[in-house]
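Each protein sequence line maps, in turn, to chains A and B. If you number the first sequence the way our numbering does, the last residue is 496 and the count never jumps. If you number the second sequence the way our numbering does, the last residue is 1358 and the count never jumps.
Some hints here could point you the wrong way.
[To be verified] Sample of chain A residues at the chain B side, in silico, Cβ under 8 angstroms:
1) Ser52
2) Tyr56
3) Met318
4) Pro320
5) Pro332
6) Val338
7) Gly339
8) Val341
9) Leu352
10) Glu353
11) Tyr355
12) Ile365
13) Asp369
[Claimed, not checked] Calculated cross-link-like contacts (lysine-lysine; reagent style DSBU-like; alpha-carbon spacing at most 30 angstroms):
14) Lys394(A) with Lys1231(B)
15) Lys1217(B) with Lys357(A)
16) Lys394(A) with Lys327(A)
17) Lys305(A) with Lys1231(B)
18) Lys302(A) with Lys1231(B)
19) Lys337(A) with Lys440(A)
20) Lys322(A) with Lys1231(B)
21) Lys259(A) with Lys1231(B)
22) Lys259(A) with Lys313(A)
23) Lys1194(B) with Lys327(A)
24) Lys362(A) with Lys1231(B)
25) Lys1040(B) with Lys1194(B)
26) Lys1217(B) with Lys376(A)
27) Lys1217(B) with Lys337(A)
28) Lys1217(B) with Lys370(A)
29) Lys337(A) with Lys1122(B)
30) Lys1038(B) with Lys394(A)
31) Lys23(A) with Lys121(A)
32) Lys1217(B) with Lys322(A)
33) Lys275(A) with Lys241(A)
34) Lys313(A) with Lys302(A)
35) Lys380(A) with Lys1231(B)
36) Lys309(A) with Lys1242(B)
37) Lys1242(B) with Lys313(A)
In case anyone wonders, no lab produced these hints; they're calculated from the structure. No experiment lies behind these values; they were computed from the predicted model shown. Using N, Cα and C, we set each Cβ at its ideal position, and we do this for glycine too.
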Amino acid sequence: MKNITKKFGHLTANDNINLTVYKGEVHALLGENGAGKSTLMNQLYGMIEPTSGEIYINGNKVNVNNPNVAIANGIGMVHQHFMLVEPFTVVENIILGSEITKYGVLDMKKAKEEIVELSEKYSLYVNPDDKIEDITVGMQQRVEILKALYRGADILILDEPTSVLTPQEIKELVIIIDNLTKEGKSVIIITHKLKEIKQVADNCTIIRRGKRIDTVKVDEVTEEELAAKMVGREVTFKVPKEDRETSDTVLSIDNITVKNNRGLVAVDGLSLEVKRGEIVGIAGVDGNGQSELVEAITGLRKIEKGHVKINGKDITNMTPRKIIDNKVSTIPENRQKVGLVLDFSIYENMILENYHKEPFSKKGILQKDKIIDNAKNLIKQFDIRPTDETVLAKSLSGGNQQKVIIAREIMNNPDLLIATQPTRGLDVGAIEYVHKELVKQRDRNKAVLLVSLELDEVMNVSDRIAVIYEGKIKYVVDAKEATEAKLGLEMAGGKK
Amino acid sequence: MTLLSILFGFIITAIILLIARYNPLQIYGVIVKGVFSKPKYIAYTIIKSTPLILTGVSIAFALKTGLLNIGAEGQFIVGTIVASMAGYFFNLPPVIHPIVVMVVAIIFGGLWGALIGALKAKFGIHEVISSIMLNWIALYAHNAVINIPAFFERTNKAHTIKDSASIVFLEGFKNSESGKEWLLDHPGIRDILKAPVNYGIIIAILVAILIWFILNKTTLGFRLRAVGYNKFAAEYGGINVKRNIVTSMFISGSVSGLAGALMILGVSKGITTLSAMEGYGLDGIGVALIAGNSPIACIFSGLFFGALKYGGSKIQARPIEAPKEIISIMIGTIIFFIAIPRIVKVLKRLTGRKGVTR
Chain A
1 MKNITKKFGH LTANDNINLT VYKGEVHALL GENGAGKSTL MNQLYGMIEP TSGEIYINGN
61 KVNVNNPNVA IANGIGMVHQ HFMLVEPFTV VENIILGSEI TKYGVLDMKK AKEEIVELSE
121 KYSLYVNPDD KIEDITVGMQ QRVEILKALY RGADILILDE PTSVLTPQEI KELVIIIDNL
181 TKEGKSVIII THKLKEIKQV ADNCTIIRRG KRIDTVKVDE VTEEELAAKM VGREVTFKVP
241 KEDRETSDTV LSIDNITVKN NRGLVAVDGL SLEVKRGEIV GIAGVDGNGQ SELVEAITGL
301 RKIEKGHVKI NGKDITNMTP RKIIDNKVST IPENRQKVGL VLDFSIYENM ILENYHKEPF
361 SKKGILQKDK IIDNAKNLIK QFDIRPTDET VLAKSLSGGN QQKVIIAREI MNNPDLLIAT
421 QPTRGLDVGA IEYVHKELVK QRDRNKAVLL VSLELDEVMN VSDRIAVIYE GKIKYVVDAK
481 EATEAKLGLE MAGGKK
Chain B
1001 MTLLSILFGF IITAIILLIA RYNPLQIYGV IVKGVFSKPK YIAYTIIKST PLILTGVSIA
1061 FALKTGLLNI GAEGQFIVGT IVASMAGYFF NLPPVIHPIV VMVVAIIFGG LWGALIGALK
1121 AKFGIHEVIS SIMLNWIALY AHNAVINIPA FFERTNKAHT IKDSASIVFL EGFKNSESGK
1181 EWLLDHPGIR DILKAPVNYG IIIAILVAIL IWFILNKTTL GFRLRAVGYN KFAAEYGGIN
1241 VKRNIVTSMF ISGSVSGLAG ALMILGVSKG ITTLSAMEGY GLDGIGVALI AGNSPIACIF
1301 SGLFFGALKY GGSKIQARPI EAPKEIISIM IGTIIFFIAI PRIVKVLKRL TGRKGVTR
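Next up, chain A with everything else stripped away, as it sits in the complex:
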């Protein structure tokens, strides 16, 4: 890609960027949220056209003005938010748009054969007849990759591929990428995960504010150096925090049982305490009951047995409204589905929980000036971009959407702040920011419950770590004494 510039009105998203990717190479695109990496790749895939600049594929200049051209030239893209039809099967999704027909009738048998062949070639194991809605996220991603390979992709663009995977699935993805490059495919990964860039990429191009900052050989740089280039300043990974005395118990979970959507027991007699002045981190592989646990505490899911108390008050099975009123705030796992109303503006999302209270409303009438003031303050305080409070939430980048949610929850001044996957999809700068906020909250003598699939995050941020496995907390340890090996073992069940 030569001298690619992309402007949206006055906004220059890509400024004269050059990118070269070789056959069999894994090339990482690193940058903060809003830096322009996705915009760049969307031009390569034909979803938008460059304002100026050229794209050469295998030495030939190509005018990629829609995805079909990209696909015809061997480019395939796996987006961060998958584009799969949930009720359809794996096979149906893969062939969608490129169906093989025999006299006008779908030749499913042939399609299945071809897909099984492909999946074995690249170790992308899937069951062709499974429905998308029934399989894990890791498997869905494999289906997306197969979709691209099925159409003959030689260059695969993966957009934030690991943000939705468990640690185990990430390991498998690394192997898959390895297999792809062995077969001569090139892989471009858009990512913030410095650790994974080190694991998997050969070269890395850093983009900051639309400009290409540098292209480096991954072996020759450290994670700290990469982060510094990305953000433009020094970035710390270790979360600075001082020791604190803990005091009263804020959250007391006593032997609760909660069922999941399929009616099976997900939380199985779980007990846990979180005190003021501490951050308790729940570590665990996805699917061991964390989501159901948080939903149960916040009133979104029924607690079958047991009790949950906040500051000594029993809140078991209270409505979400009452629980919020009892000074519990949550940063939800799924910011777009649950945390924000995407069609509302920033200022409306800011008052999602408090619209009915003064000063935001008086006797049922919304006080718009107070609402706008509140939003302006929070935008400034939490450095939310763009700074226009009337912008709809759906136009914000993932990191800024998360900031809106965090701003809103922290301003509630809760006694218990539950943070579920708070840094999913965020770049290093934003992650640093979120962690600082969590520590600040704990320094205000409040309680913080952190639930995260990133073991590093749990280890860096928490004061105490609890491992959840099959719906129970079996192992609790002081963060200072925790080791990755022991935690990993407990997360897998604790058996050698």
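For chain A, the structure is supplied; the task is to place chain B on it using the hints.
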């Protein structure tokens, strides 16, 4: 955007008319003359638009809160039933009487709608299904009620409402002896008053503004819109989704019920057996769509609809003698182009590639 769709609608209908061997310009001319050439016609247009504005507002409101209230038709019918009964059986002084009738219609229309909401909230039954079934129940109840002995006047007709309930403008005056004399000297005004000009239009406009206010300026409206856009986030934020679905449907139903009441109080003065649904509720869907679900815009799209329907009825007369279905085709085509804006987008893309931004 909408104007472009309306233009397309007129053009496509013109083509269809040409194929059917009518002169589109002649037909359009008749419609325009039929609406604007006499003050009386303008009056009739406004009268015809009044219920459409309200059913449009009713459906627009529901759509903004995430619900498709096809039941507007049934709520309208329920409104006419209770309005004609309250108009006949109650004995109240003028001004008070119509107000009471309207309140009763609002309540019962609202309940008829709330029932749909409750079925959805409690049992997950989709509002379209329960709406359609309740529409039919309302229709047959309407016809059954006419046969109640106390209400029955003559075959297929129930008693008319008392004069005290009427909201027709200057009704007493134009029917009195002195009034009729005065009007002979003022033929222009007499002409206008031949139509049942009534206060309904003022009420409709006020209600549209009120609904707009509720939706955009109150905490109730905020909650309902949040539930409509994203019920998961609304629930997480502490909003009671189920209760608000019922509230939404109540408000929507009450507006359609009011539409029915205004029809009785201002125009028909009583109910007669219906062989089929009159379609005000269903037309309301078109009104709401053309208005882009904005309550205020419903005022204008309601008037537009009313003009098409009233002016359109005149094409059945000589010299054209076209079937009234032509009007339905025209209205349908316009809605087609509005409700499917993607067609315009696709046309744009075919003529010159414009990228999709993420």
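Among the hints numbered above, which are violated by the structure, and what are their numbers in rising order? 1, 2, 3, 13, 23, 30
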